[in-house]
Amino acid sequence: MNVALQQKEKLQGVIREALLRAQSRGELSLPEIPEIGLEIPRDTSHGDFASNIALVTAKKAKKSPRDVAAIIVGNMEAEGFIEDVQIAGPGFINFFLSNEWLYEILKVIEAQGLAYGNCSHGQGEKILLEFVSANPVGPLNVVNARAAAVGDTLARLFRAVGYTVGTEFYVNDAGNQADIFARSLEARYQQIDNPNYPFPTEGYPGDYVKTLALRLKEEHPNLLELEWDERIAFCKKWGTDQMVEWQKADLANYDVHFDLWFRERELHAAGALEEVIAEFDKKGYLYTNEDALWFRSTDFGDDKDRVIIKSDKTYTYVTADIAYHYDKLKRGYTKLINIWGPDHHGYIGRMKAAIQALGYPADSLEVLILQYVALLRDGQQVKMSKRAGEFITMQDLVDEVGKDAARFFFLIRSPESHLDFDLDLAVEQSNENPVFYVQYAHARISSIMRQAEEAGVTIPTAADVSLECLKEESEIALMKKMAELPEEILIAAVQREPHRIARYALDLASLFHSFYTHCHVLGEQEDVRDARLVLAKCVQIVLKKILHVLGIDAPDQM
RNA sequence: GCGCCUGUAGCUCAGGGGAUAGAGCAUCGGACUUCUAAUCCGAGUGCCGCAGGUUCGAUUCCUGCCAGGCGCGCCA
265 MNVALQQKEK LQGVIREALL RAQSRGELSL PEIPEIGLEI PRDTSHGDFA SNIALVTAKK
325 AKKSPRDVAA IIVGNMEAEG FIEDVQIAGP GFINFFLSNE WLYEILKVIE AQGLAYGNCS
385 HGQGEKILLE FVSANPVGPL NVVNARAAAV GDTLARLFRA VGYTVGTEFY VNDAGNQADI
445 FARSLEARYQ QIDNPNYPFP TEGYPGDYVK TLALRLKEEH PNLLELEWDE RIAFCKKWGT
505 DQMVEWQKAD LANYDVHFDL WFRERELHAA GALEEVIAEF DKKGYLYTNE DALWFRSTDF
565 GDDKDRVIIK SDKTYTYVTA DIAYHYDKLK RGYTKLINIW GPDHHGYIGR MKAAIQALGY
625 PADSLEVLIL QYVALLRDGQ QVKMSKRAGE FITMQDLVDE VGKDAARFFF LIRSPESHLD
685 FDLDLAVEQS NENPVFYVQY AHARISSIMR QAEEAGVTIP TAADVSLECL KEESEIALMK
745 KMAELPEEIL IAAVQREPHR IARYALDLAS LFHSFYTHCH VLGEQEDVRD ARLVLAKCVQ
805 IVLKKILHVL GIDAPDQM
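Position 131 (the first sequence) corresponds to 395 in the numbering used here; numbering is contiguous.
Hints may be right or wrong, so weigh each one.
[As the list claims (entries may be wrong)] Okay, derived cross-link-like pairs now, EDC-like style, lysine to aspartate or glutamate, Cα gap no bigger than 16 Å in a straight line:
#1 K667 with D817
#2 K501 with E538
#3 K577 with E554
[Unchecked claim] Distance windows between CB atoms, simulated:
#4 A513 with E737: 28 to 36 Å
#5 A513 with T725: 27 to 35 Å
#6 T722 with R289: 52 to 60 Å
#7 L490 with H532: 37 to 45 Å
#8 K735 with R595: 47 to 55 Å
#9 I297 with E790: 32 to 40 Å
#10 Q821 with L378: 26 to 34 Å
#11 A533 with A513: 24 to 32 Å
#12 E736 with D684: 36 to 44 Å
#13 G610 with P462: 20 to 28 Å
#14 A352 with Q287: 43 to 51 Å
#15 R760 with A342: 41 to 49 Å
Calculated directly from the structure, the hints in this document are not laboratory data.
None of the values given here were measured: they were computed from a predicted structure.
For glycine and all other residues, C-beta sits at the position ideal for the given N, C-alpha and C.
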């Protein structure tokens, strides 16, 4: 139930009738009635709702916008819920409504609870959201942290608007990186007893590999009895398994839980790559050149054709990824959404080509490009290098600023904006971080509720109080803001813009803090007190709801 | 060279075909005997990168240019 939308539709009806009446009276001559735009204006002096219909139709009506507006308003029938209609600015029609519709919001929130703002827009369509998908060769970094926050919140948004969502982390545990990692681990294992044992030149230098080697030695002291190939294969499996567990634990600390950790090696084991190659071959999309097998992806709009089997007879990364995407589609997902870094932008064309070659529409794959995170310390960008083993991990970040602040920091920015993360600021000002501002609003409400109950005051329901007591500016503003939630959630989901919800959270918290300062709840006259208790309770529900969407705790005390 | 992202207040960033372009931080000044001052109230700040075009109206859409970031492998 979307009260704001209902009001809009009612007002659109009022305007449409006025237009038709004006037409029949010959005051206006329009070839057709266009869609009637209505919005909730930022500036409250512009009313509860404003329409630009007169500006849009002025030219076709061959009159000035203000004249058209006057004609429309002159042909409107009086309606009880409309208190005033004004023509303003270049020709806007501003509607001032009685507060009834705002009181209705409170009843709806009370009835729906944390489901308030949800809708069935997605109609159960199956969306698969794949994100992070970092190589299982090291700890997660801050870019992964950004992707995790954005992906997780998008998943929550999609669920809120009625999609069936699966979240997946693709574990690339069968490629070159995993091989190099396995050799690095093996070398560290050897070095425990033989410090001069050579370390691979391209190996992973991080200390965590040494730590891992010690654990490996403890669990498997006789590893060196295996032949080289078997030993490396063991290190690869055991090592990537350890990394996956580590990454899982870090993400759990961050309140991100994937429905499935999809292992690349299982694709290989199941023959999925051969299957997809056979599929391409059958359709004639393959050819051989210079001992390599190529996929003619240019048939589907890619810049160039892509190698599927290298001249050394091994597969490329894309081959396994195509098999993975094929697997997703075969599992019945009709929309695959991947979150990638900007370095993978050039990769979109070949994946869309592959999807089409497999007989699925190009837009069943959607790729969101999340821009990079630059870490700043002492005003300087922190240079990070996996090769040199120098980086700030996601866990470092969470340890420093906390899960809630970290998530909020990533979610407040639009996904396509480059993000400067000032570590000094995040540490120094962690108490001033905007996330606390939002959480504090929630805690304050909890405190009011607690004290009301201690004083023997039962928290009333909307039906039992005089809602017309709610008429202060700060009270009206709160109700209006809450009325916008359903649309905010829908837009954030449809446009893949989770930062809208973080902004909304700040706005709502700000309005509440203002209300808190200007209007007391406890200690007021009983009817006022009860109405405000209902209002505060509703704000609490909405705050809890959006904090949940953001994956941030809603504390009752701070 | 080609492709993608970005360019808005001192800083970090929202917004977006329409009404005086917004927020936080920073700066300055006020507000706690009363539900948590992690709060509130007030004050100043803008060639919305530049130049054209579309439009009744452009900061928003289109084109070109400039600047920064990132890609363009038989790496993943």
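Hint check:
Distance hint between K667 and D817 is fulfilled; the C-alpha atoms sit about 9 Å from each other, no more than 16 Å. Straight-line distance between C-alpha atoms of K501 and E538 comes to about 22 Å, which puts the hinted pair past the 16 Å bound. Using a Cα cut-off of 16 Å, the hinted pair K577 and E554 holds, with the two alpha carbons roughly 12 Å apart. Restraint check, A513 to E737: a C-beta distance of roughly 48 Å breaks the suggested window 28 to 36 Å.
Taking 27 to 35 Å as the suggested C-beta distance range, the pair A513 and T725 does not conform, at roughly 43 Å. Our hint of 52 to 60 Å for T722 and R289 holds, since their Cβ atoms are close to 56 Å apart. Between L490 and H532 the beta carbons are some 21 Å apart, a value that contradicts the proposed interval 37 to 45 Å. At about 54 Å, the beta-carbon gap between K735 and R595 stays in the expected band of 47 to 55 Å.
A beta carbon spacing of about 50 Å between I297 and E790 contradicts the range 32 to 40 Å that was offered as a hint. A hinted range of 26 to 34 Å for the beta carbons of Q821 and L378 is inconsistent with their spacing of about 20 Å. Here the CB-CB span from A533 to A513 is close to 26 Å, well matched to the stated 24 to 32 Å. Evaluation of the 36 to 44 Å hint for E736 and D684 yields a pass: the beta carbon distance comes to about 40 Å.
Our hint of 20 to 28 Å for G610 and P462 is violated, since their Cβ atoms are close to 36 Å apart. A352 and Q287 have their C-beta atoms about 24 Å apart, which leaves the hinted 43 to 51 Å range violated. The hinted range of 41 to 49 Å is satisfied by R760 and A342, whose Cβ atoms lie roughly 43 Å apart.
When the structure is compared with the earlier hints, violations turn up for hints 2, 4, 5, 7, 9, 10, 13, 14 and for no others.
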